[in-house]
Amino acid sequence: MQKGKKIIAIGERDGVPGPVIAECLEGAGYEVVFQATECFV
Amino acid sequence: MNFENQGVIKRLADQYGPENLAVVLGNGEANGVEVFAETVTQGDPSYAGPLAGVALKIPVYHVLEEEVIAAVPDQLREEKLQLSALVIDVEPMHSVLQAARDKI
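In order, the protein sequences belong to chains A and B. Going by my numbering, the residue at position 15 of the first sequence is 15; the numbering climbs one at a time, nothing skipped. For any residue, its number in my numbering is found by taking its place in the second sequence, counting from 1, and adding 1000.
Incorrect hints may have been included.
Unchecked claim - Simulated coverage check for chain B against chain A, where a stretch passes if three residues somewhere in it have a Cβ under 8 Å from a Cβ of chain A: (1) 1015-1029; (2) 1050-1063.
As the list claims (entries may be wrong) - Over the 10 Å line for every Cβ pair with chain A, so calculated as not near, a few chain B residues: (3) E1038; (4) S1095; (5) V1096.
Stated by the list, open to error - Beta-carbon label-pair distances, calculated as ranges: (6) G29/A <-> P1045/B: 29 to 39 Å; (7) C39/A <-> P1045/B: 13 to 23 Å; (8) A1052/B <-> G27/A: 26 to 36 Å; (9) G29/A <-> E1078/B: 16 to 26 Å; (10) G29/A <-> Y1047/B: 36 to 46 Å; (11) G29/A <-> S1046/B: 27 to 37 Å; (12) P1073/B <-> Q2/A: 17 to 27 Å; (13) F1003/B <-> P19/A: 15 to 25 Å; (14) P19/A <-> D1074/B: 14 to 24 Å.
Hints are computed from structural coordinates only; laboratory data are not their basis. Idealized CB from N, CA, C, for every residue including glycine.
Whole structure, please, built from the sequences with the hints as guidance.
Listed below in structure tokens is the structure:
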């Protein structure tokens, strides 16, 4: 994934939640501009 | 993708330019990934949400795809993603998302 992209993290409750994606991508040096966790019930 | 998130993505695309954004998903199953990918590349396929008819062409990835997870520092990857990587089958999602990225 190209460096410098601003990240929109859309996680899933039964997969990888949004805050975890955000933390991992920030650790990788990306700027996360939005994170959410969707829920399919 | 729910309408609230579609609205936020539309606003962020206006603010930063869609060419500067990437969407990273965390879905647990392949079901739904194609709809998510289509929504942020070609527009909401249900034609009901804020992204109906709006082709943002934002590249879309899954957090467990090699293109993403390889950039995550080792310790963070082990703590936060290792368990998910054992239970989530990312390969079918990779095929769908790669195809969506190729169409951009």
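So, going through the hints one by one against the coordinates:
no.: 1; hint: 1015-1029; verdict: holds (count 11)
no.: 2; hint: 1050-1063; verdict: holds (count 4)
no.: 3; hint: E1038; verdict: holds (14 Å)
no.: 4; hint: S1095; verdict: holds (17 Å)
no.: 5; hint: V1096; verdict: holds (15 Å)
no.: 6; hint: G29/A <-> P1045/B: 29 to 39 Å; verdict: holds (33 Å)
no.: 7; hint: C39/A <-> P1045/B: 13 to 23 Å; verdict: holds (20 Å)
no.: 8; hint: A1052/B <-> G27/A: 26 to 36 Å; verdict: holds (35 Å)
no.: 9; hint: G29/A <-> E1078/B: 16 to 26 Å; verdict: holds (18 Å)
no.: 10; hint: G29/A <-> Y1047/B: 36 to 46 Å; verdict: holds (37 Å)
no.: 11; hint: G29/A <-> S1046/B: 27 to 37 Å; verdict: holds (35 Å)
no.: 12; hint: P1073/B <-> Q2/A: 17 to 27 Å; verdict: holds (18 Å)
no.: 13; hint: F1003/B <-> P19/A: 15 to 25 Å; verdict: holds (21 Å)
no.: 14; hint: P19/A <-> D1074/B: 14 to 24 Å; verdict: holds (20 Å)
Violation of the numbered hints given earlier is absent; every hint is satisfied by the structure.
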